[in-house]
Amino acid sequence: MATLDIKKIWHYLTRYIDNFLLAGIFLLMLTGLIVLYSATGGNSARVISQLINMVVACVVMWIVANIPLREITRMAFPLYALGIIMLVAVALFGEIQNGARRWLNLGIIHIQPSELLKIAVPLMMAWYFDKIHTVIQWHNYIVAILILLLPVILIMRQPDLGTALLILISGFYVIFLAGLSWRVMASLAVMVAVSLPLLWSFGMRDYQRKRIMTMLDPSQDALGAGYHTIQSSIAIGSGGIAGKGWLKGTQSQLDFLPEPSTDFIFSVFSEEFGLIGNSLLLSLYLIVIGRSLIITATAPTRFTRLVAGSISLTFFTYIFVNIGMVSGILPVVGIPLPLISYGGTSMVTILLGFGILMSIHAHPKLVKT
Amino acid sequence: MNKAVELRDHIREIRNFRIRLIISAIGVVILFGLLFSRFFYLQVVQVEHYTTLAEANRIAIQPLTPNRGLIFDRNGEILAQNYTAYTLEIVPDQVKDLEAVLDELATIVEISAEDRRRFAKLKRENTRFKSLPIRTRLTDFEVARFAENQYRFPGIEIKAHPLRHYPKGELFSHVIGYIGRISDKDLEQLEADKRLKNYRGSTHIGRTGIEKSYESVLHGQTGFEQVETDAIGRSVRSLSRTPPIAGNDLILSLDIGLQQAAVQAFGDYRGALVALDPTNGEILAFVSKPGFDPNLFVEGIDHLNWRLLNESIDRPLNNRALRGVYPPGSVFKPFMALAGLELGKRTPNYGFSDPGFFSLPGSSHRFRDWKPGGHGWVDLHKSLVVSCDTYYYRLAHDLGITNIHDFIGKFGFGQETGIDIPGEVTGLLPSPEWKRRRFNQNWLPGDTISVGIGQGFNLATPLQLTFGMMLLANDGKAYRPHFVKRQIDHYKNLVEEDFVEEVYRLELKQEYLDYVKQALADVTRPGGTASRAGANTAYTFAGKTGTSQVINIKQGERYNAHKVDERHRDHALFSAFAPVETPEIVLTVLVENGGSGGSTAAPIARKVLDYFFLGKMPESDEKAE
Numbered sequence: 001m002a003t004l005d006i007k008k009i010w011h012y013l014t015r016y017i018d019n020f021l022l023a024g025i026f027l028l029m030l031t032g033l034i035v036l037y038s039a040t041g042g043n044s045a046r047v048i049s050q051l052i053n054m055v056v057a058c059v060v061m062w063i064v065a066n067i068p069l070r071e072i073t074r075m076a077f078p079l080y081a082l083g084i085i086m087l088v089a090v091a092l093f094g095e096i097q098n099g100a101r102r103w104l105n106l107g108i109i110h111i112q113p114s115e116l117l118k119i120a121v122p123l124m125m126a127w128y129f130d131k132i133h134t135v136i137q138w139h140n141y142i143v144a145i146l147i148l149l150l151p152v153i154l155i156m157r158q159p160d161l162g163t164a165l166l167i168l169i170s171g172f173y174v175i176f177l178a179g180l181s182w183r184v185m186a187s188l189a190v191m192v193a194v195s196l197p198l199l200w201s202f203g204m205r206d207y208q209r210k211r212i213m214t215m216l217d218p219s220q221d222a223l224g225a226g227y228h229t230i231q232s233s234i235a236i237g238s239g240g241i242a243g244k245g246w247l248k249g250t251q252s253q254l255d256f257l258p259e260p261s262t263d264f265i266f267s268v269f270s271e272e273f274g275l276i277g278n279s280l281l282l283s284l285y286l287i288v289i290g291r292s293l294i295i296t297a298t299a300p301t302r303f304t305r306l307v308a309g310s311i312s313l314t315f316f317t318y319i320f321v322n323i324g325m326v327s328g329i330l331p332v333v334g335i336p337l338p339l340i341s342y343g344g345t346s347m348v349t350i351l352l353g354f355g356i357l358m359s360i361h362a363h364p365k366l367v368k369t
Numbered sequence: 001m002n003k004a005v006e007l008r009d010h011i012r013e014i015r016n017f018r019i020r021l022i023i024s025a026i027g028v029v030i031l032f033g034l035l036f037s038r039f040f041y042l043q044v045v046q047v048e049h050y051t052t053l054a055e056a057n058r059i060a061i062q063p064l065t066p067n068r069g070l071i072f073d074r075n076g077e078i079l080a081q082n083y084t085a086y087t088l089e090i091v092p093d094q095v096k097d098l099e100a101v102l103d104e105l106a107t108i109v110e111i112s113a114e115d116r117r118r119f120a121k122l123k124r125e126n127t128r129f130k131s132l133p134i135r136t137r138l139t140d141f142e143v144a145r146f147a148e149n150q151y152r153f154p155g156i157e158i159k160a161h162p163l164r165h166y167p168k169g170e171l172f173s174h175v176i177g178y179i180g181r182i183s184d185k186d187l188e189q190l191e192a193d194k195r196l197k198n199y200r201g202s203t204h205i206g207r208t209g210i211e212k213s214y215e216s217v218l219h220g221q222t223g224f225e226q227v228e229t230d231a232i233g234r235s236v237r238s239l240s241r242t243p244p245i246a247g248n249d250l251i252l253s254l255d256i257g258l259q260q261a262a263v264q265a266f267g268d269y270r271g272a273l274v275a276l277d278p279t280n281g282e283i284l285a286f287v288s289k290p291g292f293d294p295n296l297f298v299e300g301i302d303h304l305n306w307r308l309l310n311e312s313i314d315r316p317l318n319n320r321a322l323r324g325v326y327p328p329g330s331v332f333k334p335f336m337a338l339a340g341l342e343l344g345k346r347t348p349n350y351g352f353s354d355p356g357f358f359s360l361p362g363s364s365h366r367f368r369d370w371k372p373g374g375h376g377w378v379d380l381h382k383s384l385v386v387s388c389d390t391y392y393y394r395l396a397h398d399l400g401i402t403n404i405h406d407f408i409g410k411f412g413f414g415q416e417t418g419i420d421i422p423g424e425v426t427g428l429l430p431s432p433e434w435k436r437r438r439f440n441q442n443w444l445p446g447d448t449i450s451v452g453i454g455q456g457f458n459l460a461t462p463l464q465l466t467f468g469m470m471l472l473a474n475d476g477k478a479y480r481p482h483f484v485k486r487q488i489d490h491y492k493n494l495v496e497e498d499f500v501e502e503v504y505r506l507e508l509k510q511e512y513l514d515y516v517k518q519a520l521a522d523v524t525r526p527g528g529t530a531s532r533a534g535a536n537t538a539y540t541f542a543g544k545t546g547t548s549q550v551i552n553i554k555q556g557e558r559y560n561a562h563k564v565d566e567r568h569r570d571h572a573l574f575s576a577f578a579p580v581e582t583p584e585i586v587l588t589v590l591v592e593n594g595g596s597g598g599s600t601a602a603p604i605a606r607k608v609l610d611y612f613f614l615g616k617m618p619e620s621d622e623k624a625e
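Heads up: the sequence lines are chains S and Y, in that order. Numbering of the first sequence is given in full-length UniProt numbering, commencing with residue 1 and proceeding in unit increments. Numbering of the second sequence is given in full-length UniProt numbering, commencing with residue 1 and proceeding in unit increments.
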């Protein structure tokens, strides 16, 4: 009897969980813990705290995976509305940290509403496209873009350029997968290219300009932003093919790297595990992304297709931007490496996304539209 | 609406979606490929470049040594100051063929055989990565010449070190003390005190005197600079900086003029002088003769000078005022007199005819008075004025050692005064317990008799005698003797001057105090033992002469100063205060082998008082200065 019960419970627990995805996620998390131990100089307290973050995030993922798709669809608008309200509240009463107004103090917890919107914006846009029962027309795209730009502008004003850009990208994925014509996208690209100088002159703050300049020539600001890029490149480069070995990275162990447990954790990994480790890590990410894209491809509804696609590609974008940043091919923006960097918020957001993916994959019995 | 809206075609929509998804997947792979190629570039193509950078990549934390606080006398004359000395330093680890490099270096700056020997010793004692001095105190010319040629000497550089200079030389050597190079023992101590971190970069530490006792305030707070260094450890640029906080300046209560007057008044004599302000305990002059040049110790004293100082028969390193213990001799008598009055063993009117000696009942041993034949009729007043020994032999006998010990102990004898420089000794106020502990012998009645005139086991430092005299002058009030009058914290813009501390107050009968003080005033008047020194003063002063035996005179033999070796002659003592009514200064003069207190010590005190009250500098034999 007992064994039967356990089987039942096990089945109940795992029926909406995608084992393939879960395995990939666990492997990445494990890697994260190993690198974190090294990055913090053997601080087991940080590793344990991260482990707790992971457990919390996994619980969130499990809960979301168990939510029927219909409910997720229904939540799109309320979540988006809540997110916008909170962004406005942040603009009005938010706490200032490091010169940016991003946090909302709710007494017990501090909330960063932009994190919520990372999920809410694609959901809302997909929901909007899903409501259209005809072929999507150009004005639908305009509305979708407005849905996207409202939170993006609010977040840019905080200022949090990195998050704003990522939400912009995740929204763009929705529009792109919804079928925006290539011609329009080409003209959009031209528009962006033309508006970049304007953005440079009027839309950016000094430190943001500096970051981009630094990316182009890190030695210009060797003590400031460029210092991070230079030290990070040295860490990666000196890792060589096989790496220096776990806990043996001099760059990371001798405190040359900035934020080695969060944004720059990849440099630590790369220095200690070398090209071989990097290749394995990229492969692991590729597997997770691949699985996500397969789930996307088989998603039953327009809503789920768009949401799944956006989540999968945004996950990829995080990885690409973070690694691109630490290896010196993208400007330094504060984006953590998914599933590896220390931090609870990003861990929860990422796994929440995977929860939605799992729900989409495991609840296919919805009426096809 | 001019055109019908197309209805959804699910098949087409899914197909289009999948095409775009495939395109996205291809994009993902391409971008990952881009990352991979970047890793390949960094980790395979450029691996050597980055490995070198990682090796060279050293961010060094360089300590910034704070300026040591300056020391001034009460009038703002500087007693300890800082200057910068240029030192040529080598990091042995960074120099391949040291001997050859040193030979080459010797063509630029002078490097003596001794420098090399000293460096070799330092090299043995230190780690290879530590920067060690090969030449100190480079001249400006040498600095410039080396700077021109620096490129030829990787791993060798000129460093500027702050050093201490004592412009007054030996005048204040025993008070200010000196700083010396930090030794391993110091490091251990600093470690134990959790102060080691603040000494990173410091090369010197207070060794003696004020420099030692006020080390923690003089040293200041070490700052730090984070610098990026290149492959050979040279700092390339500063990343961040926490400036050092200079140590506090100290304003001492010492008066350089009074000190000078005292030293000149001593002439060629060895000895000590302590003068303090009885109203607050501030020390005005503190002399131990001979002194030494503290500057010799700052950069490490060389062997020859060390031997000269250490083995000199005059023992210039000995702080006589603080650590020299002498039998207080007759200076002990006023305290005895007070004890007799306070404890009811004597009244002012009590007197007897002095036969010139005292014998214990049932003993034929004669304790002789200094004056053969005695002083005739002696009462308490006269006993002090003429310093009658017989009177005090009797008094001691009547009081008993325990009374003497307990009563006079309250005047600071046999204990530390708590002065703010290190090394004070307690002297000795004997008691039967002490004798048992020390010699495992019983106290003998004769021991008490000797103690009564400040001889026997009795030992006191000039500082203690001054402290005791302050209690008398002050009617029983004692302040802790101290040198630091003010402390100036430039960083906090703060002046601290609360160093006056009343240690205790003895409840003594004013009538008795006045009686003793009056007798002491009469010591300096005609008929008194210091009458010559007290002649024609513009102020009133009171004091007590003393003579402290250096060798024991055999029973029945007379002491003849001319017959004994100069070093075995009696020490002369004089302890005084002035003016009598409201004392402003208390001082004790001790002249080693000076003979009698009245003839040598008291005149010195007079000269010092003349300077103090009248600004008259004593005649000096050495006017050349």
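Derived from the structure by calculation, the hints contain no laboratory data. Only a predicted model underlies this, so the values are computations on that prediction, with no experimental measurement involved. From the three backbone atoms N, C-alpha and C, an ideal C-beta is built for every residue, glycine too. Don't take each hint at face value.
To be verified - DEER-style ranges, computed between Cβ atoms:
#1 Y:ILE26 with S:THR298: 32 to 42 Å
#2 S:LEU188 with Y:PHE40: 45 to 55 Å
#3 S:TYR207 with Y:GLU114: 24 to 34 Å
#4 S:LEU199 with Y:LYS197: 23 to 33 Å
#5 S:MET204 with Y:ILE26: 29 to 39 Å
#6 Y:GLU55 with S:GLY334: 45 to 55 Å
#7 S:LEU188 with Y:ASP9: 46 to 56 Å
#8 Y:PHE40 with S:GLY334: 46 to 56 Å
Said to hold, decoys possible - Non-contacting residues of chain S with respect to chain Y, defined by C-beta distances greater than 12 Å in every case (computed):
#9 ARG15
#10 VAL47
#11 ASN53
#12 ILE132
#13 TRP182
#14 PRO197
#15 GLY203
#16 MET204
#17 SER232
#18 ILE236
#19 GLY240
#20 ARG305
#21 PHE315
#22 GLY324
Each hint tested on the structure:
1. Y:ILE26 with S:THR298: 32 to 42 Å: About 19 Å separates the Cβ atoms of Y:ILE26 and S:THR298, which means 32 to 42 Å is violated.
2. S:LEU188 with Y:PHE40: 45 to 55 Å: 33 Å, violated
3. S:TYR207 with Y:GLU114: 24 to 34 Å: 58 Å, violated
4. S:LEU199 with Y:LYS197: 23 to 33 Å: 49 Å, violated
5. S:MET204 with Y:ILE26: 29 to 39 Å: 32 Å, holds
6. Y:GLU55 with S:GLY334: 45 to 55 Å: With a Cβ separation near 30 Å, Y:GLU55 and S:GLY334 fall outside 45 to 55 Å, so the hint is violated.
7. S:LEU188 with Y:ASP9: 46 to 56 Å: 25 Å, violated
8. Y:PHE40 with S:GLY334: 46 to 56 Å: Distance hint for Y:PHE40, S:GLY334 is violated at roughly 27 Å.
9. ARG15: 26 Å, holds
10. VAL47: Label holds. Min Cβ-Cβ 25 Å, cutoff 12 Å.
11. ASN53: 26 Å, holds
12. ILE132: At roughly 8 Å from the nearest Cβ of chain Y, S:ILE132 sits no farther out than 12 Å, so the non-interface label is violated.
13. TRP182: 10 Å, violated
14. PRO197: 25 Å, holds
15. GLY203: 26 Å, holds
16. MET204: Holds, because the least Cβ-Cβ distance between S:MET204 and chain Y comes to about 24 Å, which exceeds 12 Å.
17. SER232: 10 Å, violated
18. ILE236: S:ILE236 is in fact no farther than 12 Å from some Cβ atom of chain Y, at 5 Å.
19. GLY240: 5 Å, violated
20. ARG305: 6 Å, violated
21. PHE315: For S:PHE315, whose nearest Cβ neighbour in chain Y is about 10 Å away, the distance does not exceed 12 Å, so it is violated.
22. GLY324: Violated, since 7 Å does not exceed 12 Å.
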